[in-house]
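Make one complex out of these two single chains by using the hints.
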Amino acid sequence: MQKGLTKQEYQQYVEKMSPKSKILRNVFRAFLVGGLICVVGQFFINILKLRGIDQERASTITTLIMVFLGALFTGLNVYDELGRFAGAGSIIPITGFANSIVSPAMEHKTEGYVMGVGGKMFVVAGPVLVYGISASVIAGILYYLIHK
Amino acid sequence: MANKRNGSQTVKFDNPPRIISTGSIVGPKEGQGPLRLYFDEIIDDEMWGEKSWEKAESKIMRETFARILKKAARSPKDINYIIAGDLLNQCIAANYGIRESDVPFFGIFGACSTMAESMNIGAMLIDGGFADYVVCITSSHFCSAEKQFRFPLELGTQRTPTAQWTVTGSGGVLLSSDGTGPFITHATTGKIVDMGVKDANNMGAAMAPAAVDTLIAHFRDTGFLPEDYDLIVTGDLGYVGKNICQELMMKHGYDLSERYNDCGVMIYDLKKQDAHAGGSGCGCSATVLAGYIYEEINKGNLNNVLFVATGALFSPTSVQQGESIPAIAHAIRIQRIL
Chain P
10 MQKGLTKQEY QQYVEKMSPK SKILRNVFRA FLVGGLICVV GQFFINILKL RGIDQERAST
70 ITTLIMVFLG ALFTGLNVYD ELGRFAGAGS IIPITGFANS IVSPAMEHKT EGYVMGVGGK
130 MFVVAGPVLV YGISASVIAG ILYYLIHK
Chain D
469 MANKRNGSQT VKFDNPPRII STGSIVGPKE GQGPLRLYFD EIIDDEMWGE KSWEKAESKI
529 MRETFARILK KAARSPKDIN YIIAGDLLNQ CIAANYGIRE SDVPFFGIFG ACSTMAESMN
589 IGAMLIDGGF ADYVVCITSS HFCSAEKQFR FPLELGTQRT PTAQWTVTGS GGVLLSSDGT
649 GPFITHATTG KIVDMGVKDA NNMGAAMAPA AVDTLIAHFR DTGFLPEDYD LIVTGDLGYV
709 GKNICQELMM KHGYDLSERY NDCGVMIYDL KKQDAHAGGS GCGCSATVLA GYIYEEINKG
769 NLNNVLFVAT GALFSPTSVQ QGESIPAIAH AIRIQRIL
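Chains P and D supply the protein sequences, listed in that same order.
Per the numbering used here, residue 10 is the first one in the first sequence, and the count goes up by one each step.
Per the numbering used here, residue 469 is the first one in the second sequence, and the count goes up by one each step.
By construction, these hints were calculated from the structure, which means they are not laboratory data.
Check each hint, because a few of them may be wrong.
Calculated cross-link-like contacts (lysine-lysine; reagent style DSBU-like; alpha-carbon spacing at most 35 Å) [said to hold, decoys possible]:
| hint | chain 1 | residue 1 | chain 2 | residue 2 |
| --- | --- | --- | --- | --- |
| 1 | D | Lys480 | P | Lys129 |
| 2 | D | Lys740 | P | Lys31 |
| 3 | D | Lys519 | P | Lys118 |
| 4 | D | Lys480 | D | Lys719 |
| 5 | D | Lys719 | P | Lys29 |
| 6 | D | Lys523 | P | Lys16 |
| 7 | D | Lys739 | P | Lys16 |
| 8 | D | Lys740 | D | Lys719 |
| 9 | D | Lys480 | D | Lys523 |
Here chain D stands alone, though its shape is the one from the complex (with noise of 0.2 Å):
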């Protein structure tokens, strides 16, 4: 019945969705980088005239989604669903953030991976025609997750050199029914994968083995090799992640070579800007996809693209006791023109 599918993880879309309309806004740490001049809006302050990290963030993801719409030249009310996550506790930037939008909302959690599980979904509820547009988007905060996750910002301690970090930002895509593309031919859906890594200071190493899993069951199921692509880019695997997604790939037989690249590792100057081993969080993927990759596609730069966005499925409670940390890997194809 299930008519769609193609293989064991994938699905195939008779009509592949269309990206229309992107958004993006970064923080000041982003816009600064490499990819400050493909970015909507750079802030300059992490707050943003907020009270609260927490507010900021869902006022960064508030005026993404407006964005959005507004280079699309819709309004809220032609939107079927919202599909958005954040790695805050309970979602609430995504909560708070879209609250006044009064569209049909689906909240997800795939901690770093949420842009490309929300586009896994997105694209499926619109090539099985529950939907004509499906905004996916995602946030993330430097401030909001440091305080969650690690300690407080203003605690002199030292990062170790694996760790990344956090992109202050928001990302998100307009998916539709109609349009000239770029098109979503193809989502690959990820399993969780957990190697045994323990350091919530090296979420890279932690996560490669998840994007392997997921790069490997797309070949297979879809027959594409490297090749075909001009860009497989990973979510946030850092350098440390990227050499060894690298390696096991070549291990497994394919050369991901110079068409690779990790969007942690494409927003920061990690020569000149203190990120350590890069960035990482929802917001890095989205906005790289949203801002770079989108363009790119759009100027006729980039035809093939696998996206394939990876989160680290961990909770400070979990590393605490004790727990090794569990990794998932999302994957989306876009093809500029079918």
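Chain P extracted, bound-state conformation (with noise of 0.2 Å):
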């Protein structure tokens, strides 16, 4: 319909119009953040190896409570506002992961426990999980077939 614009050229038009993504800016933001994050998880870790626990268990309960301040600081609305300004930074981590879940999860309250609460909480995670289990199955039996 537009005089002398194909639907390409009008998106090569649109493509030089709309502005970019700030990268440079963003990645400095979300190395930063993420390694902030990245620094809280080793605290604990060095805190429960102090306390003589061993770094398997030490690495575990480490996720544990980043996964559990991930949740908390999604709840208190403030992992919304970290992810706005460090982007990947905040996605990347653990802490990510609970935001990702918890956060569909508090939206879709209003239409119950079940269905809502139940059936939503996993459609941001729900394809990090199928995906990211296949990839850890299919890496067991690599792992298996070549040390046998």
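Below, the structure written as structure tokens:
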């Protein structure tokens, strides 16, 4: 319908007219916040090890603490603000995983605990779980075959 | 037989319907924007005492409807039809918002173009002699729209710079066959235009060609020129879509220049408020029309206004299936005095 503009030309034109994400700034913020979250995790690991807990168990307990903190700060309406600033920096760590499960659960509470909270809890994390677990199964099989 | 048609997409009204009253209620963010003084009420909490965002949106529409009637000193019994729509699935904000009104009801969906769509139909009903009073009203709510179209609110994601911010608010008008104006003299009904944009975070770019298509149809059908207007205002293209629209119109030989604006650009302070490319949603053009534009017309600051609400006619399902985003724009010509 546009005089002289095909769909393809229009999309190229739109590309030119649309502002781009500030990648350098976003990468820096992601590095900063993502790194800080890891420092917090390391802090817990060190404390636990000081109390005589071995490395493997200290890591597991730290994961649980970080998941709890991610869920807590989601519930306190803080994590989305952090995410707006940090982008991938707060999505990638395990706290972001907790956020992706708690946030839809909160949002859909109005549709009840069964179909709302229960049914919608994994709308964001679902694909990560499905393909994450599938990938780990495949990796496990390969590991078994190589080390047999 | 159809003697009120004026070109292929426009109708000209013999007895131009009057806008005798408007109402607008907006959310807290809109209430901090540059147009805050023009709205009837600013709610300070997006739940507004309800248990869900959907219920809050219905309440906003219900209260806006009540205000429209109150300002015109009318009761629901006087109203022949309500034409209403919103963004939620099955238009529940309107269905539940209007539920208790006891007035014949048309529920419509035109995405964010719904305000101009409802006024197209409402003006035709009045000039056709089918009604004396018609209320046209729409709403949108940032939280309920995000929930349906995007991600949970508390999910820590970044929005792209081209993303728009759905306006929380409801706006509506009462059209009448009698009164002192302002008048709706022409209505141009848009066609669905799809230029292949697939990015649901760049709706301004998806909708701009529809706005251009309808604007050109309007000028072609009526013989008016951009210079005949004090204000040509699109619904919610945001600043990306607004620039595209203006440039494309220029390529077609229409210089919109200073008289052109966009409700999505006007409703927020894009520098100070975190609204990215600007406002969107049915409530965006509706509240700007019912608040700012109507008041400025009544003050005499605007005499001829072309109101072109734009809508992106997609659903989350169609986007996930890889479909591009079809868009539409409907236009209403408003004149202060005949």
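Hints the structure fails to honour: 1, 6, 9
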